[in-house]
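Spelled out, the chains give:
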Amino acid sequence: GQNIDQPTEMTATEGAIVQINCTYQTSGFNGLFWYQQHAGEAPTFLSYNVLDGLEEKGRFSSFLSRSKGYSYLLLKELQMKDSASYLCAVMGSWGKFQFGAGTQVVVTP
Amino acid sequence: DTAVSQTPKYLVTQMGNDKSIKCEQNLGHDTMYWYKQDSKKFLKIMFSYNNKELIINETVPNRFSPKSPDKAHLNLHINSLELGDSAVYFCASSQVHDGSSSYNEQFFGPGTRLTVL
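If you read the sequences in order, they're chains A and B. Start counting the first sequence at 1; every next residue gets the next number (this note's numbering). Start counting the second sequence at 1001; every next residue gets the next number (this note's numbering).
Think of the hints as simulated: they come from the structure by calculation, not from any bench. Don't take every hint at face value.
Straight line, CA to CA, 25 Å or less: simulated BS3-like cross-link-like pairs of lysine-lysine [unchecked claim]:
| no. | chain 1 | residue 1 | chain 2 | residue 2 |
| --- | --- | --- | --- | --- |
| 1 | A | Lys96 | B | Lys1041 |
| 2 | B | Lys1052 | A | Lys96 |
| 3 | A | Lys96 | B | Lys1044 |
| 4 | B | Lys1019 | B | Lys1044 |
| 5 | A | Lys96 | B | Lys1067 |
| 6 | A | Lys81 | A | Lys57 |
| 7 | B | Lys1044 | B | Lys1022 |
| 8 | B | Lys1019 | B | Lys1071 |
| 9 | A | Lys96 | B | Lys1071 |
| 10 | A | Lys81 | B | Lys1009 |
| 11 | B | Lys1009 | B | Lys1071 |
Predicted model, so just to flag it, every value in this text is computed and none were measured.
With the sequences and hints as input, model every part of the structure.
This is how it looks when you write it as structure tokens:
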């Protein structure tokens, strides 16, 4: 079976840094994805990790440790528009995607 | 141009009715998916098709029947709608569906909000 855990909600102030953790247990591993979903909208792709280490993309970075079944998404210089749900998704065997329940990030002024 | 489109955007219907949701992608992708996102925002895969062939069929009631007339289209037909079917249904597509590759990145449609009364 597959299991993906991430915190339900995090709050941070504008300009700050927030780290969203994701732990997973899956049948097979073909990569970990992070998506952003604003209320009432579709998820949009943020990052992909398949090898251990840090991937940096502007204000967003994502880290993976396959041996620990652990990833995090780092959001720097938070802006109000970053208020959204962040979904951790693992691609396991047979192309099967499993999403976490999402972490609601609330950015306050 | 919209990459992944779904119709309708909103669907309100009575219990027991049969309804369909259509999805089209113009990205030239080989793989398409249907997801259900419930009120708790949990996104769960229902079906996946690769080049018109069913490759993933999760534990979904057989009232739900996907159909892929070609690799650019994946429709979802739901028979005998129940209250618990109320959710947002997302269609998605990806260039490939296996292996370790960022080409597995999924592009989502805008969603169809289904409300069963």
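Hints versus structure:
1. A:Lys96 - B:Lys1041: holds, 19 Å
2. B:Lys1052 - A:Lys96: Since the Cα atoms of Lys1052 of chain B and Lys96 of chain A sit roughly 17 Å apart, the hinted pair holds (cutoff 25 Å).
3. A:Lys96 - B:Lys1044: Judged against 25 Å, a Cα distance of about 11 Å means the pair holds.
4. B:Lys1019 - B:Lys1044: Cα-Cα ~20 Å, so holds.
5. A:Lys96 - B:Lys1067: This hinted pair holds, its Cα atoms lying about 19 Å apart.
6. A:Lys81 - A:Lys57: holds, 17 Å
7. B:Lys1044 - B:Lys1022: Measuring from Cα to Cα gives roughly 18 Å; hence the hint holds.
8. B:Lys1019 - B:Lys1071: holds, 22 Å
9. A:Lys96 - B:Lys1071: holds, 18 Å
10. A:Lys81 - B:Lys1009: Holds - the C-alpha atoms of Lys1009 of chain B and Lys81 of chain A are around 24 Å apart, at most 25 Å.
11. B:Lys1009 - B:Lys1071: Answer holds: Lys1009 of chain B to Lys1071 of chain B is near 21 Å, not above 25 Å.
Of the hints listed earlier, there is not a single one the structure fails to meet.
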